[in-house]
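A.B. asks: For reference, the chains in residue letters:
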Amino acid sequence: MKTTSALSARSRAAFSGLAVTALAAGALTACGSSKSAKSEPSQAAAASSSPAGDPHKAVVTVTAAGGCAVDHTDFPAGQVTFDISNKDATAVSEIELQSGQRIIGEKENLPPGFNGSFTVALEAGSYSLVCPGSGQPTRQLTVTGAASTSADADLSTLLTQGAKEYKTYVDTQVGYLVQTTQALDSSLKGADLVAAQKAYMKARPYYEKIEPVAESFAVGNDDLDKALDARADDVPPAEWAGFHRIEKGLFEDKSLAGLAAYGDALVTDVQKLQGLTAALEYKPFELANGAQELLDEVSKTKVTGEEERYSHIDLLDFQSNVEGSEQAFADLRPALQKIDPALTGTIADAFSALDKLLDTYRTGDNPSGFVLYGTLKDTDKPKLVAAVKAVQEPLSQVAAKVTKA
Amino acid sequence: MPPRASRRQLLGRALGVAVGAGAAGAAGFGVARATEPGPAATPAAPQHDPTADIVPFYGAHQAGIATPAQDRLAFAAFDVTTASVQDLQVLLGTWSAAAAQLTRGLPVGAVETDPQSPPIDTGEAEGLSAARLTITVGFGPSLFDQRFGLSAKRPAALADLPTLPGDGTLVPARSGGDLCVQACADDPTVAFHAIRNFARLARGKAVIRWSQLGFGRTSATSVGQQTERNLMGFKDGTRNIKAETGADLDGYVWVGAEGEQSWMRGGSYLVARRIRMLIESWDTDRLADQENVFGRFKTSGAPLTGKAESDTPDFAAEGADGRPVIPVGAHIRLAAPETNGGQKILRRGYSYTDGIDTATGLLDAGLFFIAYQKDPRAQFVPIQTRLAQHDNLNEYIRHTGSALFAVPPGLAAAGDWWGKALFG
Numbered sequence: 001m002k003t004t005s006a007l008s009a010r011s012r013a014a015f016s017g018l019a020v021t022a023l024a025a026g027a028l029t030a031c032g033s034s035k036s037a038k039s040e041p042s043q044a045a046a047a048s049s050s051p052a053g054d055p056h057k058a059v060v061t062v063t064a065a066g067g068c069a070v071d072h073t074d075f076p077a078g079q080v081t082f083d084i085s086n087k088d089a090t091a092v093s094e095i096e097l098q099s100g101q102r103i104i105g106e107k108e109n110l111p112p113g114f115n116g117s118f119t120v121a122l123e124a125g126s127y128s129l130v131c132p133g134s135g136q137p138t139r140q141l142t143v144t145g146a147a148s149t150s151a152d153a154d155l156s157t158l159l160t161q162g163a164k165e166y167k168t169y170v171d172t173q174v175g176y177l178v179q180t181t182q183a184l185d186s187s188l189k190g191a192d193l194v195a196a197q198k199a200y201m202k203a204r205p206y207y208e209k210i211e212p213v214a215e216s217f218a219v220g221n222d223d224l225d226k227a228l229d230a231r232a233d234d235v236p237p238a239e240w241a242g243f244h245r246i247e248k249g250l251f252e253d254k255s256l257a258g259l260a261a262y263g264d265a266l267v268t269d270v271q272k273l274q275g276l277t278a279a280l281e282y283k284p285f286e287l288a289n290g291a292q293e294l295l296d297e298v299s300k301t302k303v304t305g306e307e308e309r310y311s312h313i314d315l316l317d318f319q320s321n322v323e324g325s326e327q328a329f330a331d332l333r334p335a336l337q338k339i340d341p342a343l344t345g346t347i348a349d350a351f352s353a354l355d356k357l358l359d360t361y362r363t364g365d366n367p368s369g370f371v372l373y374g375t376l377k378d379t380d381k382p383k384l385v386a387a388v389k390a391v392q393e394p395l396s397q398v399a400a401k402v403t404k405a
Numbered sequence: 001m002p003p004r005a006s007r008r009q010l011l012g013r014a015l016g017v018a019v020g021a022g023a024a025g026a027a028g029f030g031v032a033r034a035t036e037p038g039p040a041a042t043p044a045a046p047q048h049d050p051t052a053d054i055v056p057f058y059g060a061h062q063a064g065i066a067t068p069a070q071d072r073l074a075f076a077a078f079d080v081t082t083a084s085v086q087d088l089q090v091l092l093g094t095w096s097a098a099a100a101q102l103t104r105g106l107p108v109g110a111v112e113t114d115p116q117s118p119p120i121d122t123g124e125a126e127g128l129s130a131a132r133l134t135i136t137v138g139f140g141p142s143l144f145d146q147r148f149g150l151s152a153k154r155p156a157a158l159a160d161l162p163t164l165p166g167d168g169t170l171v172p173a174r175s176g177g178d179l180c181v182q183a184c185a186d187d188p189t190v191a192f193h194a195i196r197n198f199a200r201l202a203r204g205k206a207v208i209r210w211s212q213l214g215f216g217r218t219s220a221t222s223v224g225q226q227t228e229r230n231l232m233g234f235k236d237g238t239r240n241i242k243a244e245t246g247a248d249l250d251g252y253v254w255v256g257a258e259g260e261q262s263w264m265r266g267g268s269y270l271v272a273r274r275i276r277m278l279i280e281s282w283d284t285d286r287l288a289d290q291e292n293v294f295g296r297f298k299t300s301g302a303p304l305t306g307k308a309e310s311d312t313p314d315f316a317a318e319g320a321d322g323r324p325v326i327p328v329g330a331h332i333r334l335a336a337p338e339t340n341g342g343q344k345i346l347r348r349g350y351s352y353t354d355g356i357d358t359a360t361g362l363l364d365a366g367l368f369f370i371a372y373q374k375d376p377r378a379q380f381v382p383i384q385t386r387l388a389q390h391d392n393l394n395e396y397i398r399h400t401g402s403a404l405f406a407v408p409p410g411l412a413a414a415g416d417w418w419g420k421a422l423f424g
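Keeping their order, the protein sequence lines are chains A and B.
Quick note on the numbering used here: the first sequence kicks off at 1 and runs consecutively.
Quick note on the numbering used here: the second sequence kicks off at 1 and runs consecutively.
Be careful, since some hints might not be right.
Pair ranges (Cβ atoms, derived) [to be verified]:
| hint | chain 1 | residue 1 | chain 2 | residue 2 | range |
| --- | --- | --- | --- | --- | --- |
| 1 | B | Pro68 | A | Asp365 | 56 to 62 Å |
| 2 | B | Thr353 | A | Ala191 | 56 to 62 Å |
| 3 | A | Asp378 | B | Ser310 | 47 to 53 Å |
| 4 | B | Ser142 | A | Leu193 | 46 to 52 Å |
Please keep in mind that the hints were generated in silico from the structure rather than gathered at the bench.
Cβ atoms here follow ideal geometry from the backbone N, Cα and C, with glycine treated the same way.
Could you put together the complete structure from these sequences and hints?
C.D. replies: Right under this line is the structure:
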């Protein structure tokens with residue numbers, strides 16, 4: 001059982017650990033794994049093109065008219081490096097190596113005038129080299145020789161494992177949500193306003209980390225997101241309850257009067273959420289979409305200060321959304337590393353830049369652990385949004401990749 | 001069930017499966033559909049004559065300068081956020097490829113993608129023609145700082161613009177930028193689509209610093225075009241450099257062998273100024289004064305010394321009272337080559353409006369001035385210095401944004417990219 005305070009640090013440590021092992025695995029040729037160099041302007045890489053006839057090297061030339069032409073199409077099983085140059089295909093920006101529907105190697109960001117490469121370990125079978133957008137987008141390749149263990153099984157095991165880990169994460173967070181909400185409810189029945197405010201700040205992150213899961217229960221009587229997280233203008237005034245109704249009492253009215261009833265209802269609702277989530281299973285693409293949705297929440301309601309309009313602890317919610325998103329990505333990462341190491345690296349780098357930026361807003365000056373929204377300068381907000389968008393753009397590619405894997 | 005579910009609906013529906021076993025069949029269908037491979041990612045064939053409305057993208061000079069001015073503008077300045085030179089190069093290569101697609105009326109990538117992937121092209125220009133779209137890219141002075149090792153490649157002519165008289169009203173958030181993208185087209189959606197997709201392709205590498213939409217070209221840049229009016233109701237681009245005048249283009253617009261940076265030969269320097277017009281004040285000014293401010297008749301556009309718009313102004317002419325017919329502070333006199341040692345600039349500006357100034361309720365509208373030239377130190381800077389000091393128009397305008405960019409020469413063919421010679 002993970003403890004609350006260690007969770008964020010542990011999941012982040014797990015990321016960096018993964019990065020190291022995954023790269024090492026790439027070098028040691030785990031089946032189906034690939035690594036790819038960054039794209040370079042063509043003239044810089046011209047010297048590195050291989051002598052003709054190396055059976056483990058494929059020289060791929062992409063043109064608008066001819067698609068992806070490859071210097072030979074038969075390869076022995078084992079490591080194959082694809083050296084790719086895009087001559088003039090303006091509609092092509094990536095090249096994929098597919099086995100059936102599965103992408104096993106890929107080079108992205110390859111506009112005309114640029115070179116790049118990726119290396120994969122191939123077992124016997126048929127493969128297609130695909131450059132989407134070109135005139136002749138597909139080339140068939142044949143690999144002969146000793147077969148080794150199935151990469152597909154590995155990948156699907158990794159994905160299943162990742163989805164299970166995510167379920168554990170969600171269930172754990174919901175468990176903490178129930179505990180901290182119960183504590184909040186008790187404090188609302190007491191007389192200490194400051195203690196109740198602190199209890200509110202303790203409970204909020206657990207909801208924000210798993211928000212898309214809670215939001216999925218939006219049918220009829222089970223509209224839990226509305227019950228738990230509606231803001232004042234989301235619902236008719238008479239129906240307004242949940243976290244933000246309590247927030248208004250604690251931080252704007254600065255009074256505990258009448259809040260206990262909202263606290264009791266909140267406890268009932270988070271327990272209901274716990275019951276519903278306990279029964280859930282997740283598919284890998286749902287992790288990807290959930291991660292994306294958490295970041296949407298950040299740029300839509302946290303950066304604008306709408307979410308925590310009385311307590312102004314929006315940056316705490318921000319960080320919680322990001323952590324939930326990072327967790328889903330971390331659970332997909334071992335599989336994604338095999339499918340598309342370059343994309344995995346891009347997303348990991350963007351997440352770490354976002355974490356670093358968020359860290360600059362940490363403070364001990366208030367119990368939320370972050371500066372309050374009102375102290376953000378107008379120049380801070382675009383920076384935060386740009387850092388979130390830098391994750392979202394590559395992250396939006398993940399769902400399709402884990403679905404095809 | 002809707003043909004395509006949103007991300008949120010999908011997650012919700014799929015999660016719902018595990019809860020209600022009875023719903024499993026229906027939800028299972030939703031998931032299966034969503035995971036089916038999409039149609040081949042080939043850009044849809046354009047539904048129009050592919051050669052109509054296309055301005056060639058490749059050539060000795062970038063299109064969008066001497067190209068007869070289109071009706072609409074979308075302009076953006078970007079700040080580069082990546083610290084990696086390689087990322088910046090790939091971005092410029094990706095933009096170059098995207099521009100080659102867009103200027104032919106093609107999307108930057110598939111709109112119909114795998115249902116689990118976002119469309120590569122955002123899609124709002126599907127079915128529209130290229131609308132004479134041109135995309136012109138430039139590099140700001142700040143790109144040549146220490147970040148990318150380009151300081152030795154900075155042209156002398158790319159000197160920061162000096163603070164000119166009246167520049168106190170410039171807004172930093174509407175000024176400067178590491179990169180600029182000028183998209184001009186006869187269709188506003190086509191122009192905006194280009195900027196939007198460029199911003200998306202740049203995500204994680206560069207962010208928009210400021211942007212400006214423009215809606216009515218205010219200068220004729222071809223002898224075949226009539227001069228449109230600015231928001232003051234005057235023709236103010238009559239004596240502009242025209243595309244057909246090769247000698248003027250070589251003499252005043254294109255950088256030649258005189259530049260010390262060979263990568264800029266065939267390029268030009270772009271000065272952009274967001275000039276707000278105090279149009280409510282202007283509207284109450286009497287006609288005779290309006291005409292004296294510009295030095296032209298309002299309706300015909302003729303200089304005050306002539307009959308037709310194209311008549312050459314006679315700056316020496318005096319009226320019966322012995323005073324110059326075209327006043328000493330008239331805009332056309334101060335901007336004229338005759339007043340500026342023969343210097344000319346190629347103006348390519350557009351009218352803009354950004355709604356109202358919330359502080360006053362007055363319209364925020366005016367001219368988004370764009371000028372191309374061989375060397376701003378000899379052209380824009382002295383001309384604007386003179387205007388800023390003496391122009392009768394100053395009473396009715398405020399400069400609120402300012403930027404300078406080095407616009408490299410055109411791309412030779414696919415495989416060439418903006419900045420290839422700069423980084424080479």
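A.B. asks: Going back to the hint list, which numbers does this structure go against?
C.D. replies: As far as the earlier hints go, not one is violated by this structure.
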